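Asker: Protein chains in written order, with our numbering: chain Z, 1 to 140; chain B, 1 to 149.
Calculated from the structure, these hints are not laboratory results. It is possible that part of the hints are untrue.
Stated by the list, open to error - In silico SDA-like pairs for lysine to any residue, Cα to Cα no more than 20 Å straight-line: (1) 110(Z) to 73(Z); (2) 132(Z) to 87(B); (3) 132(Z) to 66(B); (4) 106(Z) to 90(B); (5) 132(Z) to 92(B); (6) 28(Z) to 22(B); (7) 28(Z) to 40(B); (8) 28(Z) to 26(B); (9) 106(Z) to 8(Z); (10) 28(Z) to 124(B); (11) 28(Z) to 66(B).
Said to hold, decoys possible - Some chain Z residues close to chain B (C-beta under 8 Å, calculated; not the full set): (12) 3; (13) 8; (14) 10; (15) 19; (16) 22; (17) 44; (18) 58; (19) 63; (20) 66; (21) 75; (22) 81.
Everything numeric in this text was worked out from a predicted model, so none of it was measured. By construction, the Cβ of each residue, glycine as well, lies at the ideal position given by its N, Cα and C atoms.
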Amino acid sequence: MTITWDSVDVGTELPAQSFVLNRLDLIKYAGASGDFNIIHWSDRVATDVGLPGVIAHGMLTMAEAVRVITDWTGDPGSVVEYGVRFTRPVPVPDTDAGATLEVSGKVTAKNDDGTVSVTLSASCDGQTVLAKAVARVRLS
Amino acid sequence: MPLNPDFVGRTYPAGEPYLVSRERIRAFADAIGDTNPAHRDVSAAQALGYADIVAPPTFAIVLALRASTQVAHDPELGLDYTRVVHGEQRFAHVRPIVAGDTLVSVTTVESIREAAGNDMITTRVDISTTAGEPVCVAHSLLVSRGADA
């Protein structure tokens with residue numbers, strides 16, 4: 001099913017998703033992205049610098065959040081612009097459950113160039129972790 | 001420790017070109033748990049109109065990070081990387097990155113400021129093909145948390 005520009009309105013909600021992040025996910029992301037900052041894998045260093053413990057890469061949170069959009073359109077290339085502000089770290093405890101990220105999205109503008117603006121909300125333990133999370137998305 | 005303000009406006013030339021491989025895109029998609037077949041299967045990507053396997057929208061961070069590391073790890077800048085958290089990130093794609101792209105990234109330091117005891121640096125990374133085709137512009141705000149912050 002293709003999502004078309006004509007078929008959406010300001011206020012259209014995208015299917016919400018939740019994403020589980022555990023320590024293995026952080027290690028895989030470190031390797032895949034090249035971001036080996038120690039605070040994403042060492043509790044010792046993370047707590048030394050005043051964090052509650054190992055935190056997820058902001059970029060991993062950003063990558064998961066936008067899946068609400070790319071899973072909706074089916075086309076990873078539909079995301080023309082995407083920006084976020086990281087408001088709060090996502091601690092990932094060394095447990096089987098890890099951390100859970102809840103993400104929802106809503107169409108907040110229909111643009112004349114055939115794109116729509118989608119604003120994402122992302123939270124962990126009921127606390128917002130991304131602000132100004134907005135993407136411009138090209139629809140057919 | 002305040003960051004060296006002389007870095008504002010500095011541009012770092014593109015290093016070695018980065019050849020985007022199918023395996024690298026697959027590994028990135030695996031790491032974020034993205035099951036879209038266009039990240040793995042050439043025919044699925046071609047069905048969407050791409051020449052080859054297409055990268056997730058935030059894959060450009062691989063290029064941006066690699067490029068901006070030159071700045072962040074420059075001892076003259078004075079950034080303590082263990083105290084760095086990511087403040088903001090933005091990508092403007094001219095087109096998606098696909099496997100087979102050979103990309104170069106030019107980094108510019110856009111601003112350095114201090115607020116509430118934290119040091120902040122904004123970098124812009126212009127990603128283009130070696131043929132000169134612009135592909136993506138990535139803006140990053142890094143925050144170095146002060147000892148009291």
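Asker: Hold the hint about residue 63(Z) up to the distance rule: shortest CB distance to chain B must be less than 8 Å.
Answerer: Given a least distance of 4 Å, the restraint on residue 63(Z) holds.
Asker: Restraint: residue 66(Z) near chain B, CB-CB cut 8 Å. Satisfied or not?
Answerer: It holds, given that the least Cβ distance between residue 66(Z) and chain B is near 5 Å, below 8 Å.
Asker: Would the hint on residue 8(Z) stand, with a C-beta cut-off of 8 Å toward chain B?
Answerer: The hint is violated - residue 8(Z) has no Cβ within 8 Å of chain B, the shortest such distance being about 19 Å.
Asker: Is residue 28(Z) within 20 Å of residue 22(B), Cα to Cα?
Answerer: Judged against 20 Å, a Cα distance of about 17 Å means the pair holds.
Asker: Is the shortest C-beta separation between residue 58(Z) and chain B less than 8 Å?
Answerer: At about 4 Å, which falls below the 8 Å cut-off, the nearest Cβ of chain B leaves the hint on residue 58(Z) intact, so it holds.
Asker: With the threshold set at 20 Å, check whether the alpha-carbon distance from residue 28(Z) to residue 40(B) stays at or below it.
Answerer: holds, 17 Å
Asker: Regarding the pair residue 28(Z) and residue 26(B), is the alpha-carbon distance no greater than 20 Å?
Answerer: holds, 12 Å
Asker: Just to be careful: measuring from the Cβ of residue 3(Z) to every Cβ in chain B, is the smallest value less than 8 Å?
Answerer: violated, 13 Å
Asker: Are the Cα positions of residue 106(Z) and residue 90(B) separated by 20 Å at most?
Answerer: Between residue 106(Z) and residue 90(B) the Cα gap is close to 19 Å, so the pair holds against 20 Å.
Asker: Is the hinted pair residue 106(Z) and residue 8(Z) satisfied, with a Cα-Cα distance of at most 20 Å?
Answerer: Within the cut-off at roughly 10 Å; holds.
Asker: Given the hint that residue 132(Z) pairs with residue 87(B), does the C-alpha gap stay at or below 20 Å?
Answerer: holds, 12 Å
Asker: Hinted pair, alpha-carbon criterion (20 Å max): residue 132(Z), residue 66(B). Please report holds or violated.
Answerer: Answer violated: residue 132(Z) to residue 66(B) is near 25 Å, above 20 Å.
When held up to the earlier numbered hints, the structure conflicts with 3, 10, 12, 13, 14, 16 and 17 and fits the remainder.
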